[in-house]
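Asker: According to this note's numbering, the sequence shown is numbered sequentially starting from 2.
Think of the hints as simulated: they come from the structure by calculation, not from any bench. Keep in mind it's a predicted model, so treat the numbers as computed, not measured. Please note: incorrect hints may appear among the correct ones.
[As the list claims (entries may be wrong)] Here are the computed distance ranges between Cβ atoms for each label pair:
{"#": "1", "residue 1": "I121", "residue 2": "D33", "range": "25 to 35 angstroms"}
{"#": "2", "residue 1": "E296", "residue 2": "G42", "range": "17 to 27 angstroms"}
{"#": "3", "residue 1": "F185", "residue 2": "G81", "range": "27 to 37 angstroms"}
{"#": "4", "residue 1": "E184", "residue 2": "A304", "range": "30 to 40 angstroms"}
{"#": "5", "residue 1": "R231", "residue 2": "E11", "range": "21 to 31 angstroms"}
{"#": "6", "residue 1": "T186", "residue 2": "G157", "range": "30 to 40 angstroms"}
For each residue, glycine too, the CB sits at the ideal point set by N, CA and C.
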Amino acid sequence: MSGQSPHALEQGGVQWLRTMVRIRLFEQMLADLYKAGRLVGVVHLSIGQEATAVGVCSALKDGDQITSTHRGHHHMVARGLDPQKMLAEILGRAGGYCRGKGGSMHVSAPAQGAMGANGIVGGGIAHAVGLAFAAKRLGSGGISAAFFGDGAANQGVLFESLNLAALWQAPVLFVCENNGYTEFTPTDAVTAGESIAARAAPFGIPAVEVDGDDVVAVNRLAGEATARARSGRGPTFIECRTARWRGHHEGEESYAKPYREPPAAADPIDRLERVLRDAGLAADGLRAAMEAEEEAGLAAALAAAEAEPEPPPERALEDVFA
């Protein structure tokens, strides 16, 4: 595992493992619910991408803010959101974070710094720059992180946001999760240039590429980027090379097998578990115990979420601000 920090691993490694396990089980639960017809709408899962979310979010502090994507459950879990309220939201129940009106692609919890997932590709990038600019003007000491995918890297809003972030020296992290596919198309078939990270260079923004399945390396770089932002030195661009194990969305299994076989050697959870064992930080059976605890917790969360009422139709226009 590259860039390993023994101190960071000792301080956070076991919790990183638990959070990644929670994300994996949460997403697998959603896949099962979708197949059983208990979940309506389009659902985009992040299985295989757990390390990016955990590596970055564990470098953030209370008061920091993130923006997310249509494939954003892992960001929200990593930021510390309550799985029960997330499930209620995704299931369209009134007890959800957005009272059941946002659904899978629009989970938002501003009080916890989760400023919203976004169904528009690239829709959260400019928001994160605005949040960072506001934090700087207000002197709050907070920073923001914009998560987006390789497909969003071809949207004009990214370049506009890079320009303003550099101009304002905004305390923001641009975190590109390059999972190799833009919806159904290989990224290299639609994206020019040597790397996505290289697109930050004309704006004078430091940019790095990292193995996005290596949570310790991601956390190390995110820690450096957050320190840079907090010290007033502006934005950083991080391209995380990872893999999307499932289809663009659930329900497209007929397309999934030819190009999305899970690469076992790259499983970010397996990799972290091995590193923790080698460092003497994880006993045999730790992961199995975590999985049992998290499965029980998620089962209880699902039961509670499904017991919630649906939002009444007469309240459909409440909470609409624009």
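Asker: Run every hint past the structure and note whether it holds.
Answerer: Outcome of the hint check:
Range check, I121 to D33: Cβ separation about 28 angstroms, and the 25 to 35 angstroms hint holds. As the Cβ distance of E296 to G42 is approximately 24 angstroms, the hint placing it in 17 to 27 angstroms holds. At roughly 32 angstroms, the beta-carbon separation of F185 and G81 lies within the given 27 to 37 angstroms, and the hint holds. A beta carbon spacing of about 34 angstroms between E184 and A304 agrees with the range 30 to 40 angstroms that was offered as a hint.
In this structure the hint that R231 and E11 lie 21 to 31 angstroms apart at CB holds, the actual value being about 23 angstroms. A hinted range of 30 to 40 angstroms for the beta carbons of T186 and G157 is inconsistent with their spacing of about 19 angstroms.
Checked against the numbered hints given earlier, this structure breaks only hint 6.
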